[in-house]
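Colleague: Build the full structure now, drawing on both the sequences and the hints.
Chains as they are written, first to last, in my numbering: chain A, 1 to 327; chain B, 1 to 304; chain C, 1 to 252.
There may be inaccurate statements among the hints.
Said to hold, decoys possible - Interface residues of chain C toward chain A, partial, derived using beta-carbon atoms under 10 angstroms:
| hint | residue |
| --- | --- |
| 1 | Glu54 |
| 2 | Ser102 |
| 3 | Val107 |
| 4 | Gln108 |
| 5 | His111 |
| 6 | His114 |
| 7 | Leu116 |
| 8 | Ala119 |
| 9 | Val161 |
Hints listed in this document are in silico derivations from the structure and should not be mistaken for laboratory results. Just so you know, even glycine gets a beta-carbon here, dropped at the ideal spot from N, CA and C.
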Amino acid sequence: MTQSSSKTLLGIGLLAVFLALPVIADMLGQPALTSLATRVLIYGIAAASLNFILGFGGMVSFGHAAFFGVGGYVVGILYQHYASGEPLFGFLPGTNQLLITLPLAILVSGAVAAIIGALSLRTSGIQFIMITLAFAQMLFFFFVSLKAYGGDDGLIIRRANEVPGLNMRDKQTVYYVCLAIAVLFFALLTRLVNSRFGYVLAGLRQSEQRMAAIGLHAYRYKLVAFVISGMGAGLAGALMANFMRFASPDMLHWTKSGELMVMVILGGVGTVFGPLIGAGTFIVLETLLASWTENWQLGLGFILLFVVLYTQGGVQALLQRVFGSRS
Amino acid sequence: MTLFLEQVLNGLQLGVMLFLMAAGLTLIFGIMGIINLAHGSIYMIGAYAGTYVAMETGVYYAGIPAALAAAALTGAAMEFLVVRRLYKRDHLDQVLATFALILISNQVITLIFGRQPLFVGLPSALSGSVELLPGLFYPSYRLAIIAVGLLVALGLYLVINRTRIGMLVRAGSTNRDMVRALGVDIRMLYTIVFGLGALLAGLAGYMAGPILAVQVGMGEQILITTFVVVVIGGVGSIRGAFFASLIIGVFDTMLRAYLPGFLRQIMAGSEADALGAGLSSMGIYLLMALVLLVRPKGLFPAHS
Amino acid sequence: MTSSILKVENLQKRFGGLTATDDVSLTVEPGEIHALIGPNGAGKTTLISQLFGELAHDAGHISLNGQKIDSLPTPDRVARGLARTFQITCLLPDYTALQNVSIACQVQKGHSFHFLASARRDTDLQEEAAVLLRRVGLEERAGELVANLAHGERKQLELAVALATRPRLLLLDEPMAGLGHVESQQMVDLLLSLKGQFSMLLVEHDMDAVFALADRISVLVYGRIIATGSADEIRSNADVKTAYLGEGDELC
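Modeller: Next up, the structure:
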């Protein structure tokens, strides 16, 4: 039980840091830190969603930016229709209410994940990687060609969605909203991982043949996991659209899928909070490198290569190895 | 009618380019069990090296050995320094390590050549057009690409079906363990396969130069389309890669050529163009989805 | 006449030019242990995989409890009372012995679309799994990860997992393979203790074990059944002797 209590400690520690962060940022006179932390939270949700099927379920999806982008576009498109007053498809009124747009973003990205997953999961291994990548690319082109919603240039969302009683124009409020959602998300994810469903999913990663041999219809479970994972990424995308006040095809670009995978591996595959740590590491690295050189991707490339080739288990494992093993 | 034939030829030309990429990629998947995202980077590096030499010397043909040499060197370095460590790793590690290679290649190329695309002129002998049929003029350079592509396909066919190495390659793509059990120097076979793939990618990159701009990112563009080809053709199958390349090449070209016009008959012009462009970009992916529904392992699966 | 638990009729399987299963017909009667022997490469595991739905057969029929199961996927066959063990053990390496069994109990109970309740509190499943582990003699290793289990222990665990699916017919693919003499004897005793409660199709190379356990024996050579009968009949069968001697393999 020491393992689970150390996990709880890690969770509480992370939460304390995140709660105090805007205050500390203000004290240091670095309000940009709060924006940075908001992005960490949002990408943490997206990466943890990906990790749910990748690390726990063993499905290497290379197209998760698609669901991230779809979530963002749901917010953007609903906002555009709200702003113009013209109903979507002629009958759906637009909205700028976060409590409506978030669930809708989750639903729509879940539906898209159901379609893509249903097809992609007919394959496995290398084909699965390529197919998820290809479908994400297809959606990328779809949004590029949506001239009514900005096409290549994307959609500007003039104001972040509203939440009754909160001033969403304040960056700190947005941060705390994201934090609250992240806490809820990670609490749910923890329960999911430890549920019967989570056990089955981890079993499928270890041996699909064995799971079939004890009578499990693997495809159904993998598909449901894929949909859940897509919904999480959609949630993150919706938050990102609110935070950036912008939704564009870039959110679905294949390099974004790659970045999400990088975050997962940086933090350690197959742990609940690893991707959050990975997202933090990635974003801090990106920010630091970008402030030194415009060719920051070169540095990122070498770091990534090093992490993949020489550390097994990402930053967490690396720290453990450096600071002595605590299992 | 001549317009239609011209589009078919354009499709073939795109198809053989895809084949040059897909042949290497599918063999690397099939035999080495490696997913190499950086295959597109080799294509880009071949294009840059060849184009640079051609620009400096003013001789188009001088670019060919340069492109091949640069691709081979890059391929060898990748295999020796990175890919070799990935054979026993899972696909996730392979994806991430080769993703890192893409980031590195793109930045190194940007550092050397800057962000401006390079252009190379056509060799004078191939800059004109040929009248294939009465009224059907077609650029000689594109015809030459088709010819080179088909020659490479024929060469690959002969090598794979008539030589000992080809026999091992065939055996390797259907049953990797068996080749290991035969006591073949598997490292050697891997190096040959990876090197061959790199050469073909470099060749494709250089030939694409005069048609497309030589720029950073060109590799990833064709890489993802190549993935679609490999999936449709069946992973590990050269024959599948060949037919799928041609199908995708022609299908994609036809959609782009005819879909906007077709849509314009049923809706307003500008909307039709936008929708047509979007749908034709999505076309090959929809085709892939369709193939997957019917044959999850592709049209010509290598592992039966 | 009571109906057979398993009835295989004219089963065929080809891989390219190779006929791996050539017109195989056999039955397993209720409570019976039917052993399948044959030289290496005779197609025994291939046959098991077809019966279990992991490989599709090209022709012929498989019936379980009188119902055709030809086109059913593996999980549906498991639901109808079929279970198999694997020659090269196929377990969940990151799970403990207990978890390997309890997840099988969980799947046996119905769907696993329970998303929020903690599976750690499924004490029913764990107790059920513990009983099965005791039955195969692994109760002391319950908390050990499969990766740390010895070969013989994995073989025992395979059996416990198979039992957790509440089968009527066990397809046992070389449960003694790789076991030492003492371990083999324990496995024989274990299977004897299960005899009568479960019907079994037993693929095995260890002839002592086969003669100790089997009610009937079939001999498979090059995908073809060349003889079926009691232990004595098989021992004295001329075809069987030549088949084995021709292979250079010894019939103990």
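Colleague: Now, for every hint given, state plainly whether the structure supports it.
Modeller: Results of checking the hints against the structure:
Given the 10 angstroms rule on beta carbons, the hint for glutamate 54/C holds: about 7 angstroms separates it from the nearest Cβ of chain A. A least Cβ separation of about 9 angstroms between serine 102/C and chain A falls short of the 10 angstroms threshold, and the interface hint therefore holds. Restraint check, valine 107/C versus chain A: the minimum CB separation of about 5 angstroms is within 10 angstroms; hint holds. Given hint, glutamine 108/C at the interface with chain A, holds; its Cβ is 6 angstroms from that chain's nearest Cβ, closer than 10 angstroms.
With its C-beta approaching chain A no nearer than about 8 angstroms, histidine 111/C sits inside the 10 angstroms limit, and its interface hint holds. For the restraint placing histidine 114/C at the interface with chain A, the shortest Cβ-Cβ distance is roughly 4 angstroms, inside the 10 angstroms limit, so the hint holds. For leucine 116/C, the interface hint holds, the least distance from its beta-carbon to any beta-carbon of chain A being 5 angstroms, beneath 10 angstroms. Checking alanine 119/C against chain A: minimum C-beta separation of about 5 angstroms stays under 10 angstroms; hint holds.
A hinted interface residue such as valine 161/C counts as satisfied when its beta carbon comes closer than 10 angstroms to some beta carbon of chain A; here the least separation is about 6 angstroms, so the hint holds.
Of the hints listed earlier, there is not a single one the structure fails to meet.
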